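Novice: As they're listed, the protein sequences go chains W and B. With positions in the first sequence counted from 1, the corresponding number in our numbering is that position plus 231. With positions in the second sequence counted from 1, the corresponding number in our numbering is that position plus 231.
Hints should not be assumed to be uniformly reliable.
Because identical chains cannot be distinguished in the list, a pair is counted as satisfied if it fits within a single copy or across any two copies.
[Claimed, not checked] Here are the computed lysine-lysine pairs in the PhoX-like style, where the Cα-Cα straight-line distance is at most 25 Å:
hint: 1; residue 1: K518; residue 2: K244
hint: 2; residue 1: K305; residue 2: K560
hint: 3; residue 1: K477; residue 2: K401
hint: 4; residue 1: K525; residue 2: K305
Keep in mind that the hints were calculated from the coordinates and are not lab data. Computed from a predicted model, the values in this text were never measured in an experiment.
2 protein chains.
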Amino acid sequence: MKFEISHLDKQSKARRGKLTTAHGDIETPIFMPVGTAGSVKGVHQKELIDDIEAQIILGNTYHLYLRPGMEIMKQAGGLHQFINWPNPILTDSGGYQVFSLSANRKLSEKGVMFQSHIDGSRHFFTPENVVDTQRIIGSDIMMALDECTPYPCDYKYAEKSMHLTHQWLKRGIEHFDKTEPHYGFEQNYFPIVQGSVFKDLRMKSAEYIAGFNRAGNAIGGLSVGEPVEMMYEMLEIVNNILPHDKPRYLMGVGTPANILDGIALGVDIFDCVMPTRNGRNGMLFTKKGIINMKNEKWKNDFSPIDPDGTSFVDQYYSKAYLSHLVRAKEILGAQIASIHNLRFYLWLVNEARNKIEEGTFTIWKNQMVKELTNRL
Amino acid sequence: MKFEISHLDKQSKARRGKLTTAHGDIETPIFMPVGTAGSVKGVHQKELIDDIEAQIILGNTYHLYLRPGMEIMKQAGGLHQFINWPNPILTDSGGYQVFSLSANRKLSEKGVMFQSHIDGSRHFFTPENVVDTQRIIGSDIMMALDECTPYPCDYKYAEKSMHLTHQWLKRGIEHFDKTEPHYGFEQNYFPIVQGSVFKDLRMKSAEYIAGFNRAGNAIGGLSVGEPVEMMYEMLEIVNNILPHDKPRYLMGVGTPANILDGIALGVDIFDCVMPTRNGRNGMLFTKKGIINMKNEKWKNDFSPIDPDGTSFVDQYYSKAYLSHLVRAKEILGAQIASIHNLRFYLWLVNEARNKIEEGTFTIWKNQMVKELTNRL
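Same shape as in the complex, but just chain W (with noise of 0.2 Å):
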């Protein structure tokens, strides 16, 4: 994997650069569509591709291990073939998912015990064993297991939770570096910051990352419900320690101002499933604001769903269509929602490359970020 940067904002860490992997090139800042079973939820691959412009979308290790399960997966030839998209795909662990869904867990210095939230079939997740997983999902990107601090989480906790997301992370580089992809292109093993809110631990933590020089670097555990600035303190202490010349990837994150402020940070690729989770609650983001569909208000505006939007949605269908739908819960209504979002998430960050090579970024940034908190 290769990774370039073409241009440095100068009033700010904001950089566009091009991430080459074995499906394709990734433009950055990039955000990416969350897929989680094997689907970008309400919306077909080939709009991703033709409406979206997705580069690059997401996969959750834990629910593709739990269904369809990696016997399927390997017969599939890998997730790629599975569900027959061919442009880069990164997983996670499944670590998030075996703390956030998953009953009865036990975490040990080995790995994590947990049960399905399907069946309540008992599984047991190793840092060595979810990169054989990985393999068999075929991800261009992996991810490193590590335990993700919930907020607010006591330094005890904290420091001794980052030693063992530590200790897994050198286990799960040995055992990625000594395994081989099993569909012959080139797969890559992100490794992952953690050290919740405290600065010490953060820097740490991001040293110990830095140490081992990977492709690309992530950043864990941050928008747990902890205020903004803090996430933005920690990631400011994080990205002057992680390498310049490789990728940041900032897990889970987050509102289209998140994410503009965390490309200010010098963040490279974000994920969420705001887009597609809020869109299909009714939450609308555009370039003016936050719409929520269920606002009386909505019922009866015949105007596009979006003047300003870029998918065919935003002028296919009025605001009033779309509020009818949510309100009676028709699967179209979350079709629409989504693709619009996603579409606006990813309209923001080609904006934000623009900007970038212009050298214009920074202003016209800290205008978006009032503009898309405003509530229509």
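With chain W's structure known, arrange chain B on it following the hints.
Specialist: Below, chain B without anything else, positioned relative to chain W:
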């Protein structure tokens, strides 16, 4: 509205024709996807046009009347505008859903009182006001208010109910003929034959309906649980009486085999929720038979969904992938199955039209009916 029959099958009552409406031509025999509450569930309007090649869709007056309601519908300029659908629309009267979905309904000579299944609010449908409602919706073809008798139904009830339907029809027609379209284009009013499974009642009803000589006629109260042979027997009786030169619409029917047999008995128009509702449950209709995507055997069948299929989903996705999506209750599973099934239904009536034109309909139909009912 103009109806021209271009070809008659020599071995059956099948005919090929063209129905001309204010929103364009409809080639018959035709199947109408059901767009219950202003959306064919899980399908974009442009997919209906480009991929499924739907020529007309059906809207449910009961659903649209309750939500978004007629105030919004009027402001939108009718259903075509509201949902951005340029082609013809047929609406039912709402009667069927009052009997199947609402609570505490009370039938009287004047009309039917019911409580909304959404919020329990009380409403009253009359033969006159469902015309007014369908004027506001602006459907190209509107239906008379009728009582759809259940099966089984005793003779006395069926007879009484038929007389009520006939009285309502007279009032509905009078009201229709003295009111005007709201949006400047022509609307049509179809009466409905009832009479349960009793030959003499069906004959009486067909004669009564034929006497009005409307632009088209419908047959209701079938496919409600009676043996299929009984339905075909009733169809034969009724179609011998309904005007030959007017389109005949068999309401709420049915399986692909029902549709072909209905065409052979002289039916021109069909609608049914099966392709979408059964699709959402993982049932696919194909040329070679029915596929239940929940069967274990499809879990690792990586062949295309339907090698003979004519929609983009058929070649794009595999059976194993769709089977996974259905099991995981992913929205995309419902989307794919709905597009496949609707396209299959539209392909089927298109083939029927071609075979009628070629003079090979009956041989083809008899062969197809056998294959369509296979369980794959």
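Novice: Between the shortest in-copy and the shortest cross-copy C-alpha distance, which are at most 25 Å for K305 and K560: within, between, both, or neither?
Specialist: between (36 Å within a copy, 22 Å between copies)
Novice: What label fits K525 with K305 when the C-alpha limit is 25 Å: within, between, both, or neither?
Specialist: Between copies, since 20 Å is at most 25 Å while 43 Å is not.
Novice: Up to 25 Å between alpha-carbons, please classify K477 paired with K401: within, between, both or neither.
Specialist: within (19 Å within a copy, 78 Å between copies)
Novice: At most 25 Å between C-alpha atoms: does K518 with K244 qualify within a copy, between copies, both, or neither?
Specialist: Close inside one copy (23 Å), not across copies (59 Å); limit 25 Å.
Going down the numbered hints, you'll see the structure goes against none, and every one checks out.
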